[in-house]
Amino acid sequence: MAKRTQTTHAATGQDGQPQGKNISSYIRRVFGENPKWLETRSNDEVLARWLKDHPGETEVPDRVKKNLSNVKSLLRNKLRKKAGKPKKESQPAGPTAAPRSTVRGLETLEEQLDECLTLAKNLDREGLSSVINLLRRARNEVVWKMGE
0 MAKRTQTTHA
10 ATGQDGQPQG
20 KNISSYIRRV
30 FGENPKWLET
40 RSNDEVLARW
50 LKDHPGETEV
60 PDRVKKNLSN
70 VKSLLRNKLR
80 KKAGKPKKES
90 QPAGPTAAPR
100 STVRGLETLE
110 EQLDECLTLA
120 KNLDREGLSS
130 VINLLRRARN
140 EVVWKMGE
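Sequential numbering of the sequence shown, starting at 0, is according to numbering that gives the first Met the number 0.
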């Protein structure tokens, strides 16, 4: 069977761009060259750059705008994830039992949080509502830790 010859449409891709170059890779490259554009809220600079790089176009198509916001969101998420603490390489094989002294300490902490919660409610329930919510969350977290 004879091989087909490549048409110009297949060699350049549907957009007229070289094959392997799609919108998202173009946008990633632009953000790689100008990382400060990731921090800005507006996409005007990127869209102006796209129009400059594509002289045959008079306005930016919707598919490019949608691709731009998706890629920008993904790149921003990657930046946020890098800032965290590195993960530990090895995890213990199974759950380990908490030492008994830790449980006693947690029970004492729960009692003290209950007393603080009661005192805050008696002093000024409305004025200290944010403090009351935090104390309640802290107590719930301690109870959760005791149950593990």
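Incorrect hints may appear among the rest.
Calculated cross-link-like contacts (lysine-lysine; reagent style DSSO-like; alpha-carbon spacing at most 30 Å) [said to hold, decoys possible]: (1) K51 <-> K35; (2) K120 <-> K77; (3) K80 <-> K35; (4) K51 <-> K65; (5) K64 <-> K77; (6) K80 <-> K65.
No lab work stands behind these hints: they were computed from the structure.
Bear in mind that the values here come from a model prediction, so they are computed numbers and not experimental data.
Hints violated by the structure (listed by number, smallest first): Hint 2 is the one this structure does not satisfy, whereas the remaining hints hold.
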